[in-house]
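Q: In case you want the letters, here they are:
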Amino acid sequence: MIDSFITRATAVSAQVERAANRELALEMVLRILQNEGVDDKPHCGATWAACEMVGPADQAKLQGSVRGLSFNVTRELAADAKVGISQMDYALANTGTLVQAADEVDKRLVSTLPPLHIALVSTAAVLPDLPAFIQRVDPRKSAYLAFITGPSRTADIERVLTIGVHGPARLIIILVDDVEVAA
Amino acid sequence: MKAEFKQSILDALANPNLTGALGNFSVAYRAGRAKAYEGIDFEALRDEIATVKSSAASHFDELAEQFTRAAEARGTKVFRTSDPAAVRDYVLALAKERGVKRIVKSKSMATEEIHLNKHLQDAGMEVQETDLGEWIIQLAGQTPSHMVMPAIHMTKEEVTTVFNTKVEDGQKPDIPKLVKFARGKLRPMFLAADMGISGANIAVAETGSIVIVTNEGNARLVSTLPKIHVAIVGLEKLIEEFKDIVPILTALPRSATAQLLTSYVSIISGPVPNTDGSPKELHIVLMDNRRNEMAHDPRFKQALQCIRCASCLNVCPVFRLVGGHVFGKVYTGGIGTILTAWFNALKESDEIQSLCIQCGNCKDVCPGKIDIPDLILELRRRLAVEQGLPVIQKAIFSVVNNRRLFHTMMRAASIGQIPFAKDGFIRHLPMFLSNMTEGRSLPAIAAVPFRDRIKEIKQPKCAEKAAFYGGCLIDFAYPEMGEAVVKVLNKAGIEVIFPEGQTCCGAPARYSGAYEVAAQNGSDNIKALLAEDVKYVVSACPTCTVALKHDFAAHLEAVGRTDELPAAKELAAKTWDFSTLASMLLEQGRLKLKKGIEPTQFSYHDSCHFKRTLHADQTPRNIMKQAGHELVEMDECDMCCGMGGSYTIKMPEISAPILQRKLQNIEKTGVPLLLTDCPGCTMQIGGGLDKRGSKIKVEHTAQRLAECIE
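So the sequence lines, in the order shown, correspond to chains A and B. What the first sequence shows, in this note's numbering, is residues 1 to 183, in sequence order. What the second sequence shows, in this note's numbering, is residues 1 to 710, in sequence order.
Calculated directly from the structure, the hints in this document are not laboratory data. From the three backbone atoms N, C-alpha and C, an ideal C-beta is built for every residue, glycine too. Hints may be right or wrong, so weigh each one.
[To be verified] Computed cross-link-like contacts, SDA-like style, restricted to lysine to any residue with a CA-CA straight-line distance of at most 25 Å:
1. B:K156 with B:F25
2. A:K82 with B:A64
3. B:K487 with B:E630
4. B:K369 with B:A558
5. B:K77 with A:A93
6. A:K141 with B:G628
7. B:K461 with B:T580
8. B:K227 with A:A101
9. B:K180 with A:E104
10. B:K35 with A:D129
11. B:K177 with A:H43
12. A:K141 with B:A64
13. B:K101 with A:E76
14. A:K82 with B:N274
15. B:K180 with A:T74
16. B:K35 with A:A93
17. B:K527 with B:L565
18. B:K301 with B:F79
19. B:K243 with A:A132
20. B:K650 with B:L13
21. B:K329 with B:A384
22. B:K180 with A:L161
23. B:K180 with A:H43
24. B:K180 with A:A93
25. B:K227 with A:R140
26. B:K185 with A:A79
27. B:K458 with B:E480
28. B:K180 with A:I163
29. B:K180 with A:A79
30. B:K177 with A:D129
31. B:K595 with B:G628
32. B:K347 with B:E281
33. B:K177 with A:E36
[Unchecked claim] To spell it out: a stretch of chain A is covered by chain B in this simulated footprint if at least three of its residues, at any positions, have a beta carbon under 8 Å from a beta carbon of chain B; those stretches are:
34. 69-81
35. 103-109
36. 125-134
37. 137-147
38. 152-161
39. 165-178
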């Protein structure tokens with residue numbers, strides 16, 4: 001199922017990485033932010049929506065390592081940021097999809113506005129397909145369920161597939177092993 | 001047909017950018033869609049969708065109330081109205097009350113349907129489309145030419161010109177750069193907007209949720225950044241239960257864009273916080289605009305099963321030639337024709353419905369399982385009732401129904417004595433006469449029709465009898481096909497009779513909307529064909545076979561002649577198309593294939609009715625392969641040849657390029673022989689090949705089989 005997810009997500013132009021545990025995943029994010037040149041200069045920031053995988057101690061440590069990384073998501077920061085980071089609640093193997101209960105606006109800001117979105121998701125949260133998801137989730141408990149399958153795309157001019165219209169042009173998914181998932 | 005409409009067809013056909021883009025897309029779509037559906041039982045899936053949507057359409061009122069209760073319980077404001085003007089007024093009043101100046105929109109056909117933008121703009125609001133295609137056509141001052149890809153008719157050069165003249169000079173026709181430019185220009189508008197307007201692909205009554213499907217991500221921004229979100233939702237988007245979104249979300253992306261899932265799906269079930277912490281104002285407008293009335297129409301209710309994937313446009317041989325600005329209004333293509341008749345007015349569909357060639361491609365791929373060609377015929381019928389048939393058409397029916405007179409006229413015309421050519425009468429005759437159609441030679445009309453030739457055939461005495469239903473083409477133009485049928489059946493021990501009372505199958509009347517005439521044709525034929533005690537009724541024309549097997553009963557029922565239904569059903573039960581009957585006789589060992597036939601390479605053209613109504617497409621292929629011949633499939637073997645009965649006469653401009661494409665596909669195979677089971681296709685394709693000086697022979701399966709039988 002994990003392989004299927006990776007195959008499908010890669011087929012829709014997402015980059016998929018896998019980390020053996022939470023600490024290694026955070027290190028991976030850190031390296032990506034450094035490679036992307038995240039900094040506190042204009043248009044170089046990174047903004048990270050609060051998530052279970054990152055505790056207060058991690059936040060301090062990460063911020064100490066990368067200038068321009070903020071855990072205090074605002075509309076302005078997200079609109080200016082180079083990278084947005086968030087944790088997704090589920091993944092659907094047969095379509096390479098990530099799903100998030102995204103009632104909190106921060107979660108949507110970091111995954112819509114910056115050109116690069118890094119999505120962390122627990123390997124244990126990979127479900128086979130949409131019917132499996134529907135069985136678990138009640139939309140009455142979440143007012144905004146967001147499905148993301150690959151980066152933003154269009155084929156509106158001459159049907160030529162072009163990545164990155166209004167949403168992120170790049171999506172990096174980090175599958176994190178060895179993390180408990182809330183039921 | 002108005003000259004203006006005819007001219008719009010000619011203009012579209014003369015636009016190589018349009019026909020090129022749509023033509024290439026139709027090829028890519030076919031392959032992409034097939035791949036996207038790999039491993040999925042499409043028939044089961046669309047049965048599920050049809051059930052879900054049909055059940056919802058039976059309960060629109062209850063579902064709308066349930067949706068309203070569920071959504072309002074979460075703080076959403078729901079406004080329900082049947083009147084498009086009330087929708088416009090509601091949105092405008094809301095915008096004024098909240099001091100809205102700037103509005104961003106994600107794609108919504110419902111708002112196109114009611115021309116919402118204009119209403120808001122006239123009141124001084126700035127309304128910005130944000131879907132790239134919609135933005136382009138908004139800038140260009142056009143309407144969408146396709147329900148999913150609104151700007152598919154434009155080249156990158158044309159888009160560049162629009163950007164340069166309407167937004168900012170200096171853009172180059174480089175697609176990634178144009179997309180980046182659009183992102184850069186639209187982003188500040190999202191951030192500055194006071195209101196976001198979207199449509200919805202699904203509305204779930206159980207949970208009060210709307211589901212929005214996009215690829216660009218604009219709906220996420222429209223529903224996230226402005227403090228007010230208004231979703232305009234047609235009643236037909238309602239479904240009962242949350243779990244029912246699964247089949248729709250399975251089919252919609254696959255059918256629309258050949259994707260397993262779009263980049264984004266947002267399920268919104270209530271207001272969420274704004275970026276400043278205030279609660280978002282979420283308004284959902286449930287719009288009727290005759291949808292409930294449609295749900296109560298026994299014929300058109302099924303049109304509400306549409307999920308707006310536009311696959312009926314993508315597989316249509318006519319749409320890919322003329323595009324949505326000719327073939328449609330706001331909604332385009334096959335389903336667009338039907339929706340136009342309802343959401344605008346029946347008479348507004350008059351010209352566009354005439355574009356349908358009735359090939360049935362759309363019916364095969366529709367994920368809502370809508371019989372679009374049948375509904376278009378129903379529009380045609382209602383238009384004929386409302387407006388009456390042209391006098392000339394009535395005169396024609398009286399001729400085609402008199403077989404001897406019809407043959408005499410055809411014969412006279414074909415040998416150049418055209419006493420009936422006055423007033424364009426000949427030109428309007430529903431078949432095979434138009435020497436004005438370019439690109440096709442016409443068959444000679446036989447001096448002696450098959451109904452007389454069969455009397456000269458010495459048939460053995462047999463225990464079983466079959467009645468042969470000739471149809472006009474075999475009777476008058478291709479009697480050799482009839483002779484082949486007799487030869488094959490005789491060898492299986494079946495004697496063939498030709499009941500003299502048989503007349504036109506009714507297709508010309510049916511396809512003109514004249515159901516009374518078609519029903520009378522059916523009635524006359526039923527009497528003639530059931531008069532003698534025969535085991536089989538055989539036809540070698542798929543259109544005729546479909547008439548005998550399906551349409552006679554349908555027409556009689558449609559005009560209330562239900563007392564004749566049992567006889568119609570009796571006839572249907574014993575009617576066979578030639579190839580299916582021959583295949584059975586081969587299996588039974590009553591026919592034997594010759595040994596050591598010199599193998600010939602052949603290609604097979606699927607006639608529309610033969611494949612999509614009779615589902616017999618593999619039968620002749622298998623027979624010929626068993627006989628030792630080698631099948632070489634052509635590209636688009638099941639795409640219409642452009643004949644479409646009288647379509648080729650009514651719409652020669654469209655029929656001709658459809659034929660040319662078919663001929664190219666045939667020639668590419670390099671085979672010396674083309675087989676088909678339809679005399680109409682034989683005439684169209686054979687005539688086309690002849691005109692091109694091609695050496696490829698075109699035969700009916702019956703003719704080739706007659707040579708292969710011991």
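Q: Are the hints correct? Go through all of them and say.
A: Against the structure, the hints come out as follows:
1. For a cut-off of 25 Å, the pair hint linking K156 of chain B to F25 of chain B stands: about 15 Å separates their Cα positions.
2. With a C-alpha separation of about 43 Å, the suggested pairing of K82 of chain A with A64 of chain B is violated against the 25 Å cut-off.
3. At most 25 Å may separate the alpha-carbon atoms for a hinted pair to count; K487 of chain B and E630 of chain B meet this at roughly 24 Å.
4. For the hint pairing K369 of chain B with A558 of chain B, the CA-to-CA distance comes to about 22 Å; that is within 25 Å, so the pair holds.
5. At most 25 Å may separate the alpha-carbon atoms for a hinted pair to count; K77 of chain B and A93 of chain A exceed this at roughly 36 Å.
6. Between K141 of chain A and G628 of chain B the CA atoms are separated by roughly 65 Å; this puts the pair beyond 25 Å, and the hint is violated.
7. At most 25 Å may separate the alpha-carbon atoms for a hinted pair to count; K461 of chain B and T580 of chain B meet this at roughly 23 Å.
8. A threshold of 25 Å between alpha carbons decides the hint, and for K227 of chain B with A101 of chain A the separation of about 20 Å falls inside it, so the pair holds.
9. Of the pairs offered as hints, the one joining K180 of chain B and E104 of chain A is violated, with about 28 Å between alpha carbons and a cut-off of 25 Å exceeded.
10. Between K35 of chain B and D129 of chain A the alpha-carbon distance is near 18 Å, which keeps this suggested pair within the 25 Å criterion.
11. Distance hint between K177 of chain B and H43 of chain A is fulfilled; the C-alpha atoms sit about 20 Å from each other, no more than 25 Å.
12. With a CA separation close to 21 Å, the supplied pair K141 of chain A and A64 of chain B stays within the 25 Å bound.
13. At roughly 21 Å between alpha-carbon atoms, K101 of chain B and E76 of chain A fall within 25 Å of each other, so this suggested pair holds.
14. A distance of roughly 22 Å separates the Cα atoms of K82 of chain A and N274 of chain B; the hinted pair therefore holds under the 25 Å criterion.
15. As the CA atoms of K180 of chain B and T74 of chain A are separated by approximately 24 Å, the hinted pair is consistent with the 25 Å bound.
16. Distance check on the hinted pair: K35 of chain B and A93 of chain A sit about 18 Å apart at the alpha-carbon level, within 25 Å; holds.
17. For the hint pairing K527 of chain B with L565 of chain B, the CA-to-CA distance comes to about 12 Å; that is within 25 Å, so the pair holds.
18. Using a Cα cut-off of 25 Å, the hinted pair K301 of chain B and F79 of chain B holds, with the two alpha carbons roughly 24 Å apart.
19. At most 25 Å may separate the alpha-carbon atoms for a hinted pair to count; K243 of chain B and A132 of chain A meet this at roughly 10 Å.
20. About 16 Å separates the Cα atoms of K650 of chain B and L13 of chain B, which keeps this hinted pair within 25 Å; it holds.
21. For the hint linking K329 of chain B to A384 of chain B, the alpha-carbon distance of about 21 Å falls within 25 Å, and the restraint holds.
22. The hinted pair formed by K180 of chain B and L161 of chain A meets the criterion: a straight-line CA distance of about 13 Å does not exceed 25 Å.
23. Distance check on the hinted pair: K180 of chain B and H43 of chain A sit about 16 Å apart at the alpha-carbon level, within 25 Å; holds.
24. As the CA atoms of K180 of chain B and A93 of chain A are separated by approximately 31 Å, the hinted pair breaks the 25 Å bound.
25. Restraint check for K227 of chain B and R140 of chain A: the C-alpha separation of about 21 Å stays at or below 25 Å, so the hint holds.
26. A C-alpha spacing of about 14 Å is found between K185 of chain B and A79 of chain A, which places the hinted pair at or below 25 Å, so the restraint holds.
27. Of the supplied pair hints, the one linking K458 of chain B and E480 of chain B holds, its CA atoms being roughly 15 Å apart against a limit of 25 Å.
28. Between K180 of chain B and I163 of chain A, the direct Cα distance comes to roughly 10 Å. Compliance with the 25 Å bound is thereby established for this hinted pair.
29. Among the hinted pairs, K180 of chain B with A79 of chain A is consistent with the structure: their alpha-carbon atoms are about 16 Å apart, no more than 25 Å.
30. A threshold of 25 Å between alpha carbons decides the hint, and for K177 of chain B with D129 of chain A the separation of about 36 Å lies outside it, so the pair is violated.
31. At roughly 9 Å between alpha-carbon atoms, K595 of chain B and G628 of chain B fall within 25 Å of each other, so this suggested pair holds.
32. With a C-alpha separation of about 40 Å, the suggested pair K347 of chain B and E281 of chain B falls outside the 25 Å cut-off, and the hint is violated.
33. Distance hint between K177 of chain B and E36 of chain A is fulfilled; the C-alpha atoms sit about 22 Å from each other, no more than 25 Å.
34. Against chain B, the region 69-81 of chain A contributes 3 residues with a C-beta closer than 8 Å to a partner C-beta. That satisfies the three-residue criterion, and the hint holds.
35. Counting residues of the region 103-109 of chain A whose C-beta sits closer than 8 Å to any C-beta of chain B gives 5, which meets the bar of three, so the coverage hint holds.
36. Given as covered by chain B, the region 125-134 of chain A passes the check, having 3 residues with a CB less than 8 Å from a CB of that chain where 3 are the minimum.
37. Counting residues of the region 137-147 of chain A whose C-beta sits closer than 8 Å to any C-beta of chain B gives 9, which meets the bar of three, so the coverage hint holds.
38. With 9 residues carrying a beta carbon less than 8 Å from a beta carbon of chain B, the region 152-161 of chain A meets the three-residue requirement, and the given coverage holds.
39. Evaluation of the coverage hint for the region 165-178 of chain A: fulfilled, as 4 residues show C-beta separations to chain B shorter than 8 Å, against a requirement of three.
Figure legend: structure checked against the earlier numbered hints; hints not met, in rising order: 2, 5, 6, 9, 24, 30, 32.
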